[in-house]
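**Student:** These are the residues of each chain, in order.
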Amino acid sequence: LRLGGRWSAAGGPRAQALRLIYTTTPVQRKNVGASGPEKYTEEFIKKQIEEFNLGKRHLANMMGEDPETFTQEDIDRAVAYLFPSGLFDKQARPMMKHPTEIFPEQRKIQWGEDGRPFHFLFYTGKQSYYSLMHETYEKLLNVQKYQDQLTAQDLLPQKEKKNLAGSRWLTKIELEEMLLEKLSDDDYSRFIQLLEKLMTLPCVDMEEKHIRKFSKEVPTQLKKVVIEPLKYDERGVAFSTGEGTRKTAKATVVVYDNGTGKITVNGIDILHYFPVLQDREQLLFPFQFLDRVGKHDMVCTVSGGGRSTQAGAIRLASAKALRSFVTEKEVEFMRQAGLLTLDPRVKERKKPGQEGARRKFTWKKR
Amino acid sequence: DDKLLSEPLSHPDFFNVKELFSLKDLFDARVHLGHKKGCRHRFMEPYIFGCRLDQDIIDLDQTMQHLQLALNFTAHIAYRKGIILFISRKRQFCHLVESTARECGEYAHTRYWQGGLLTNAHIQFGPGVRLPDLLIFLSSLNNIFEPHVAIRDAAKMNIPTVGVVDTNCNPCLISYPIPGNDDSPTAMELYCKLFRMTIIRAKDKRRQSEVFNELR
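For the protein sequence lines, the chains are A and B, in the order given.
Mapped onto the working numbering, the consecutive letters of the first sequence carry residue numbers 106 to 471.
Mapped onto the working numbering, the consecutive letters of the second sequence carry residue numbers 22 to 237.
None of these hints come from the bench; they were simulated from the model.
Note that CB positions come from ideal geometry on N, CA and C, so glycine has one too.
Heads up, a few of these hints could be off.
To be verified - Examples of chain A residues lying across from chain B (beta carbon under 10 Å, computed):
1) F175
2) Q177
3) R198
4) P199
5) I214
6) D219
7) Y228
8) T229
9) E243
10) L246
11) V248
12) K250
13) Y251
Unchecked claim - Listed next, the stretches of chain B that the computed footprint assigns to chain A, with coverage defined by at least 3 CB atoms under 8 Å from CB atoms of chain A:
14) 53 to 59
15) 100 to 106
16) 222 to 235
Claimed, not checked - With the Cβ distance kept under 7 Å, some of the chain A side facing chain B (calculated, not the full set):
17) Y186
18) P189
19) F193
20) Y235
21) P307
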């Protein structure tokens, strides 16, 4: 983004004041498209689009870039630069987007010149929802008919158990957006019940395309933790690294095999770095747990925190490094012992009206 | 243009709806079967032929006359390009009724009836909406066995109604009642078939007459 004469001449006659008409989208996404007949006419939207394009060109000139190749990302960057905002909510900050993204889709007039409505379920009030129910029910009937034909010929396939853990149905709000109509909770639950009923039939694969429109994939949360393999240095000794944190301390540890139990922290021997017995016991714990007390050498770097915090950080880092040396069963034992869990405890903030995080001011009766 | 509209009114059965059904068809579709004696509505007594083993039997001769009048009326409405709305609150036949309406090019409402649909239409739908010109009730009761709200609303908005009335229904406010069974699938399929054929016939006739006029 070039600063320069062009931008400082923004107050001049050439550049109009950048009227950011579209400031925020609603925080709770209200389905404006479903709330009633047209609120924005077509001419209004067209005018907004013209003004947006004009404003885009002015912005490009202001930033000193080529107006022809000014993409939406450039606009976002320029707006963030010109109007820096410290607000936490990203959607509350100034933004400039194409009107079709800001003014949601509206339903146009539903009937023709002679007054006859276009959709055959218009007079129900919720035409898209009821037509969806009608279609889905028709698919159900088709599947049942096909199944009956197969049963008559004894060719009915067995129901294979499909793993549905990775998919979910659309939520009510998403369905409302799809249909551009307001739904009640009852309507939504009825629709989901119909879909569930459809899924129970054995021959449902012929209508899979229709069902897939209403299901979404949920990215599976479980991530298998990858244990890194052992690395070998120039002398042929196996080693592995681990990282750990505790409160504000960060530690990086390299554990070498075929060692004598020598531990160095920031270039200093642990007896000098941790004079207190408690901290040295913390460092010893992972090795003691795995019965490998005198077998490994350790070189650590640690920063931040205090005395016992640094000890805790190094303990976590060394446990993580030892995972590579050890069988999966022992890794599971370590996990259950709590050696591999990051300690989430941090200093709680002080609240106004109280003396500390929990302590209240002295209460005086009068 | 005036001739186009006034010509059908001169004949008693311009669209020849009588040939679409016969007494035997009605009997085979079990249209004559009513509910039990205890469910009988007082105003349906003129239409009931008799009672056998506590079950009411509807008089099919009267049904034939009423059906002919009703079909003739719908044909005229369809000829004059009116909006027809099929209503039925029976869950079994909801899909059938909606498909029939879609095939005719008309409209259907087989779901929960929101209170102000006809009476408060300008606010519910928007200004300039056109209301239906005919309501066809394929079952005039709602899920709680009470008369459907649309019968009363149509009477308020001066919209004519055609309705299949069973032995437990109130035929009062319906302009063209058709006494008959509304619970059997065969009966409902017969009604849907008849209405579909009349509407398509009337629309075709209208298109032919327009083409005729243009040629002249």
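**Student:** Taking the hints in turn, state whether each one holds.
**Tutor:** Hint-by-hint comparison with the structure:
1. F175: 40 Å, violated
2. Q177: 34 Å, violated
3. R198: Check failed: Cβ of R198/A comes no nearer than 36 Å to chain B, outside 10 Å.
4. P199: At 35 Å from the nearest chain B Cβ, P199/A fails the 10 Å test, so the hint is violated.
5. I214: Given a least distance of 7 Å, the restraint on I214/A holds.
6. D219: Because about 7 Å separates D219/A from the closest Cβ in chain B, which is inside the 10 Å limit, the hint holds.
7. Y228: This interface hint holds because 5 Å falls under the 10 Å limit.
8. T229: Since chain B brings a Cβ to about 5 Å from T229/A, closer than 10 Å, the hint holds.
9. E243: 7 Å, holds
10. L246: For L246/A, the interface hint holds, since the closest Cβ of chain B sits about 7 Å away, which is under 10 Å.
11. V248: 14 Å, violated
12. K250: The hint is violated - K250/A has no Cβ within 10 Å of chain B, the shortest such distance being about 13 Å.
13. Y251: Since the shortest Cβ distance to chain B is 17 Å, the answer is violated.
14. 53 to 59: violated (count 0)
15. 100 to 106: holds (count 3)
16. 222 to 235: It is violated: at least three residues are needed, and the region 222 to 235 of chain B offers just 0 whose Cβ sits closer than 8 Å to chain A.
17. Y186: 44 Å, violated
18. P189: 44 Å, violated
19. F193: 41 Å, violated
20. Y235: 6 Å, holds
21. P307: 22 Å, violated
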